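Chains as they are written, first to last, in this note's numbering: chain E, 8 to 525; chain Y, 8 to 525.
Careful, some of the hints might be misleading.
As the list claims (entries may be wrong) - Using 20 Å as the maximum straight-line C-alpha spacing, the simulated EDC-like pairs for lysine to aspartate or glutamate come out as follows: (1) Lys285(E) / Asp59(Y); (2) Lys45(E) / Asp177(Y); (3) Lys358(Y) / Asp171(E); (4) Lys38(Y) / Asp58(E); (5) Lys40(E) / Asp58(Y); (6) Lys45(Y) / Asp177(E); (7) Lys285(Y) / Asp381(Y); (8) Lys45(Y) / Asp171(E); (9) Lys68(E) / Glu104(E); (10) Lys40(Y) / Asp55(E).
Claimed, not checked - Covered by chain Y, according to a simulated footprint, are these stretches of chain E (three or more residues, beta-carbon under 8 Å): (11) 19-30; (12) 52-66; (13) 235-248.
Simulated from the structure, these hints should not be mistaken for laboratory data. As the structure is a prediction and not an experimental result, all values here were calculated from the model. Where a beta carbon is used, it is the ideal one built from N, C-alpha and C, also for glycine.
Number of protein chains: 2
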Amino acid sequence: MSDKLVKNAAGRMVPTEVNGKKVIPYQGVGKYKPDYRKFNPKVATCADYPDDGNKVVANLKTALTKAGLKDGMTISTHHHFRNGDLVVNMIFDIAAEMGVKNLVWYPSASFPCHEPLIKYLEDGTIHHIEGSMNGVLGRFVSDGKMKGTGILRSHGGRYQAVQDGDVQIDIAVLAAPTSDPFGNSNGVTGPSACGLLGFGLADSQYADKVIIVTDNLVNFPCLPWQIHGNHVDYVVKVDKVGIPEKIVSGTTRITKSPDRLLMAEMTAKLCYEAGLIKEGFSFQAGAGGTSLAIANFFAKYMRDDNITAAFARGGSNQYLVEMLEEGLVKYILDGQTFDLEGVRSMRENPKHVDTSPFTSYNYHGKGNFASFIDIVILGATEVDVDFNANVNTHSDGYLLHGIGGWQNCLFGRNVILPIPLFRNRIPVIRDKVTTLTGPGELIDIIVTERGIAINPRRKDLLEKLKDSSLPIKTIEELKEEAEKICGVPEKINLTDEVVAVIKWVDGTVIDSVFKVGK
Amino acid sequence: MSDKLVKNAAGRMVPTEVNGKKVIPYQGVGKYKPDYRKFNPKVATCADYPDDGNKVVANLKTALTKAGLKDGMTISTHHHFRNGDLVVNMIFDIAAEMGVKNLVWYPSASFPCHEPLIKYLEDGTIHHIEGSMNGVLGRFVSDGKMKGTGILRSHGGRYQAVQDGDVQIDIAVLAAPTSDPFGNSNGVTGPSACGLLGFGLADSQYADKVIIVTDNLVNFPCLPWQIHGNHVDYVVKVDKVGIPEKIVSGTTRITKSPDRLLMAEMTAKLCYEAGLIKEGFSFQAGAGGTSLAIANFFAKYMRDDNITAAFARGGSNQYLVEMLEEGLVKYILDGQTFDLEGVRSMRENPKHVDTSPFTSYNYHGKGNFASFIDIVILGATEVDVDFNANVNTHSDGYLLHGIGGWQNCLFGRNVILPIPLFRNRIPVIRDKVTTLTGPGELIDIIVTERGIAINPRRKDLLEKLKDSSLPIKTIEELKEEAEKICGVPEKINLTDEVVAVIKWVDGTVIDSVFKVGK
C-alpha cells in the first residue's frame, strides 16, 4: 500500500484510499470545507410498523434476521457499558453462527471484554473495525493481522462520519438499560443503568435498521427517551444487557503518586495564576487519578475565592458530582458516566445533563460547545517539540488506545496536557510523535512533574505567567531533561504497511498507523 | 386549473400540480409507500462559526440579510405563541422594507394576529402560505385573492414534508422565550415562557439557515435545550418575543352549556361502558369547553375506580395539570401548552414532558405514538354519513381552520367526535362533507347531544355497548333528526378554482378547497 501514500498538511504519510474508499488527506485545522449534503436515510412509513407500537421480537437473532443481516454489512454499537458490555459479542456470535462474513464493526469504542472477537477477525466474520482498537485488538491490528484497514475516529468524528455518510450503518444494535416496546430508551433507569446513550444517537438517527437490546422492558412511555423509538425497528429483551459496575474508567480514586499529585497541583496553580479559574468559567477534566486530583485542587481555589463554574464537562464521576451538589459548578454537561455516582446524579439531578457527540463534538455542525470550554485537561502517550500529540500508539508503535473525545476537546480555549516526563524510562516528549492524533497548534500547555512548557503561540499565557514561581521552561528543555535521565530513545521498527488510519475531526486523514516490524 | 383535477382514492377532485410542483393524489390510508430518501441539508462546519459560540447579531434585519433573504424563499415559523406571536409580522415587515417578493410563508399555524400580512399577500411580498389559514387569512384565500395555492398540512404532515424535502425551508425564524448566544433555546423559562418549541423542531433540523429570536438571552448553557444551538446560525435579541397570556386556546373554562355538558357526559360514559377507561389507559383531550368537561368526567370515573392513566396527550391546560398533580395520569406528553398552568407544570414537573411532531405525529417515521392512544377526543365542522370529517371549511365553503394535529390523532385506537347536531341551524352531519380532512374509516364514534353513532366498522364497540342505556343510533338517523329540525341544507356555491389543497399525513392530496362563488 506504500505506493499510494501521500504527504498531508501535517507532513504525515497517509493513504488516499482505505478499504476501497477514497479518503481525503488532512489539510490543516479548519481548512477542509465540506461542500456536500448530509447522508439521507430512507423514508419510513408508519404503515410498515405496528399500530400498537409493539416492536418486540423473540430474540437478537430474530431481530438481526429481520433487519436483513448479510455479508459485508456495517454493524454499529455504542460503548456506554465500557468494559461491562454484554451485547457486542452476542451480535457476532450470532453472525458467525449464521455464516455471515466480512462485516464491518463500527463501535464508538472497544474494550478488553471484546477480546473474543479476535476469532471473528481471524475467521472472516468481521472484515475490519472502524473505531477505537484498544489493548489486545490494537495489538492484533498492529501486527498486521486484520483483513481490512482500521479507521479511528474521535467521538465527534464518528458523529460526523455518520451524518456525512462516510460510514453508512446497515444495522445499529444499541444496548439500553431501559426501553419500552416502541424502542424509546434511556441509560439512567433500570437495573443495568449506565448513564446515557449519547454515543448511540447518530446510529439511531442514520442507520438503516435500529435494534434496541434491553433487560428492562417497561410500558410506554419510557422516559427520558434519550433514544427515540421513532427511529427504532426492533426491540429485544435479554437477561442482562451490561454490567454497570464495569463502566468505571481507570481509577476512581485521586492519585496518591507524589509525582502525579505534583503535576495536578501545578496544573491547578497555573490555571489560577493565569486567571482561568474565574466566576462563570468552565472546565473539562477526564477520569484518571491525576485529573481527579486536578478537579480537587480546582475546588479548593473555587471555595477560597467563592467562584462558581458555569458548567463542567463530564465524563462524570463522584468527584464532579460532589462539586455539582456543593454548588461549585452549575451544570454537568455529561458525555458519559464513569461511575455509578455519575449515573445516580444524572438520573436525579436536572442540572446533570446528558449530552451527545452532536451537541458537544460534531465538527460538521453549526458550532459545538467543545470550543467554548475554558480549561481542558487531557492526556497523551507522546508529545513532540511542536506540541503535536499522540494518544493512539505507544512509543513502540503499538496501537493501544482510541481517540475518544480527545481531538474534539482540543478546540477548547486552554488545552493542558499533564503528562509524566517519562514512562518506564521512555521519554514522553519526542522530536516527532510516533502517531499524530492532534496538531500542536491546538495544544497550549504541557505540565510535567519536572516543569511546564507553554506553546509559544500562546503569548498571552506566557505574559500572564511571566512572574510565576511555577517551573516554566521550553519544551526543548523538558525534552533534554528527559533524555538526560533516560537516554535518547531508539528508533522503532515500523514497516511501511498501513494497518489503520487516524481521522481528524473533519473526516480527513491526519496520520497512518503502520504495522510493527518483527 | 380545473382541467388538471383528478379523482383521488377518496373520490375527491384534486390537482396533480400545486404552485408548479407535482403532488400525489391520496391513495387511501396506509396505501402510499415512500420509496425515496429524506431531505439532506448542507453539511456545515464549525470552521464557519464563532469559536466562542456567540452567534448574536444586531437585529432581525441583519440576521435575515446574513441568511441571504431573497425573492422566492421559503420562510418558516412556529406558532407556540399562538395569537400572542410578535415575530412573524416583524419578519415580513422587514422583507417588505427590503423589497423582497414572492416569499412562501411556512408557519406551523397562523392566527388572527397575523391579519397584517394580508397587505403583503396583496403587494406580492408573500406569494402564498403553506400552513393553516384561519379566520381572516382563510377568508382571503377562499375569495381567491392569494397569488399562489394554499397548502394545509397536519402538524405531523408538516414534519413529514420538511423531513421528506417536499418543503425546503430557506430560513427558519424561531421565536424562543429563552436562548443562549449559541442558539440553544427553550420555551419553558423566561418572561415570555410559552411552554415548548416542538413545532420548530423540523425547521431547526432541516432549514438551510436558522435564526433564533429571543427576549431572554442567557449565558450558555440554556437548559433545557429544546432547540439545539448546533442547528442555529444567528441569534437576535428583541424587546418582546410574544405575549404568553395569549397562548390560551379558545376557552379555558369547562362548558356551562347544558347541551355540551350532556355530550361530554355521554362521551365519558360511553368510554367507561366500553371498558376504555381502565388501568394504564391513555387519552387525548384538546382544549375547548366540551373537551375540558370530558376530562373532568374521566377524572370522576378514575377516582371512583382507582384507575391511573399511563399518560395523557396534551395540549395541556390547568385541568390536565391538576390530573397529573393528583396522580390520575402518570405523564403528560405535551405538544403545546394551552395556558400558563401548562407552562408552569412543564417547567417544574419532569412528568410533564415536551414532545414534538416527530415523536408524536410524523407518519413517515418508524411509528409514532398517536397510534397507541386509547381515547382520542376531536372536533369537526362537518361529518358525513360515511363518518368522513371536515375540520377546515365551514358548510358555506369558507376555509376558516387549520388541521393542527387532528389528522394525526385519527390514528388513535378510539376516535370520538363530540359535536353538536347542528350549528346556527345548519346540520353538522351531511351527505358529503364540503371538504374531506380525514377519512371515515379512522373515525369511530360521533357523539351529539341527541344521540351517538358508532362506525359500523367497529363491531367490537357495537357489541360492547349493545345493552347500554346511551342513545346509540345510526349516523343516518342522526342526520335525519337534524334535517327534521333544520331542513335539508342547500347546496353551496363553489367555483371549480382550487385555492388550497389539504394534504394527508403521508403528503398526498386528500382534497381541494375551492374558491367560494359570489
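Each hint, compared with the structure:
| no. | hint | in the structure |
| --- | --- | --- |
| 1 | Lys285(E) / Asp59(Y) | 17 Å, holds |
| 2 | Lys45(E) / Asp177(Y) | 16 Å, holds |
| 3 | Lys358(Y) / Asp171(E) | 35 Å, violated |
| 4 | Lys38(Y) / Asp58(E) | 15 Å, holds |
| 5 | Lys40(E) / Asp58(Y) | 16 Å, holds |
| 6 | Lys45(Y) / Asp177(E) | 16 Å, holds |
| 7 | Lys285(Y) / Asp381(Y) | 10 Å, holds |
| 8 | Lys45(Y) / Asp171(E) | 13 Å, holds |
| 9 | Lys68(E) / Glu104(E) | 10 Å, holds |
| 10 | Lys40(Y) / Asp55(E) | 9 Å, holds |
| 11 | 19-30 | violated (count 0) |
| 12 | 52-66 | holds (count 10) |
| 13 | 235-248 | holds (count 6) |
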